[in-house]
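Undergrad: Each residue of the sequence shown is one higher than the last, beginning at 627 in this note's numbering.
Rather than coming from a laboratory, the hints here were simulated on the basis of the structure. Glycine included, every Cβ here is placed at the ideal spot set by N, Cα and C. Some hints here could point you the wrong way.
[Claimed, not checked] Between beta-carbon pairs, the in silico distance windows are:
| hint | residue 1 | residue 2 | range |
| --- | --- | --- | --- |
| 1 | D804 | A939 | 29 to 37 Å |
| 2 | C748 | D710 | 25 to 33 Å |
| 3 | R941 | N774 | 22 to 30 Å |
[To be verified] Here are the simulated PhoX-like pairs of lysine-lysine, each with C-alpha atoms no more than 25 Å apart in a straight line:
| hint | residue 1 | residue 2 |
| --- | --- | --- |
| 4 | K721 | K709 |
| 5 | K938 | K807 |
| 6 | K709 | K767 |
| 7 | K942 | K729 |
| 8 | K828 | K806 |
| 9 | K872 | K767 |
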Amino acid sequence: MYKIIYIILLMTIWSACNSRHSDIENAYIPSEPDYTDNKMWYTNLNDTDSCGADVFYIVSTWEFDWYTNDGQICHYADPVNIKDHRDDMAIEISKIAQYMGQKNNFYAPYYRHITLNSWATCNEDTINRRYHTVSFNDVQKAFQYFINTNNNNRPFILAGFSQGGKSVVELIKTMPDDVKKRMVAAYVLGYKVTPQDTAECKNLRAAKDSLDLGVTICYNSVSDIKYIKPVISVPSAMCINPVNWKTDATPATLHDTITVTLSPEHNVLVLSGYSGSEYTPILGIINTGDFHGAEPWLYSECLAKNIQQRIKAYRKLYP
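Please work from the sequences and hints to get the whole structure.
TA: Shown next as structure tokens:
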């Protein structure tokens, strides 16, 4: 009897594993980008007097699940073979470059980011499996190419929005100390830095003001704490108000009409006087009470000024 039960158990486990394996095998994985190819980069070189820094920016999520001609589903963007995917990413990247790339050299790789449908599962195991299997592999290789080929030991800003913010966190975890010491600051826009992240990595240090160096700037914005999205912003070990650069509940006024108040209890920004109506809901999880789509744009003037301030502080400390 025990032998029969054991055999049935093994067959059940094998069947489940085989099913999961089939799901993975049946999903199409696009070709890996070659970061020696200029086509895989969005680049602006604006540091004409060598007083600025390099900005390495990681784009957010743009594509939905899609199917190949032979019917295979794909959970990733395909920047190598589909120009429309690069063009979609360039919409965001080009706007970011306008304010982060001021007087700086700006680099952003196109990569196989996981799809919006992957995020809509709200299953962090699924998200992390897909992300670490493919997407982060691209980000790591692109960053290493940037460090080896473009950076030339210059100070740099690391920044990313949403999935790109997740990539910033993961890059810092794997960053050698000799590289980390040149990081002016890291900007995690619209994503979380968890207590586990900070426990795993001493280099994930929360920004405390507008001028501290080597720190991580992190925030998420909602209209009410009931709209906090766990997969994006909970639990978070840090948050800073990018309008007044405080980490307490001191409110700040943005664009004369928007009040931005940090909730120290939840480590999110709560906004009043702003509807976010220009950002349509996506798959029922994004832009529904939260202001996820607005994170890089709503505070763009504050971020542009702060990036310049921190670079100036770094240059003064390390002339």
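Undergrad: Against each hint, give a clear statement of whether it holds in the structure.
TA: Quick rundown of the hints versus the structure:
| no. | hint | verdict |
| --- | --- | --- |
| 1 | D804 to A939: 29 to 37 Å | violated (21 Å) |
| 2 | C748 to D710: 25 to 33 Å | holds (27 Å) |
| 3 | R941 to N774: 22 to 30 Å | holds (23 Å) |
| 4 | K721 to K709 | holds (19 Å) |
| 5 | K938 to K807 | holds (16 Å) |
| 6 | K709 to K767 | holds (21 Å) |
| 7 | K942 to K729 | holds (16 Å) |
| 8 | K828 to K806 | holds (11 Å) |
| 9 | K872 to K767 | violated (35 Å) |
The earlier numbered hints that this structure contradicts are 1 and 9.
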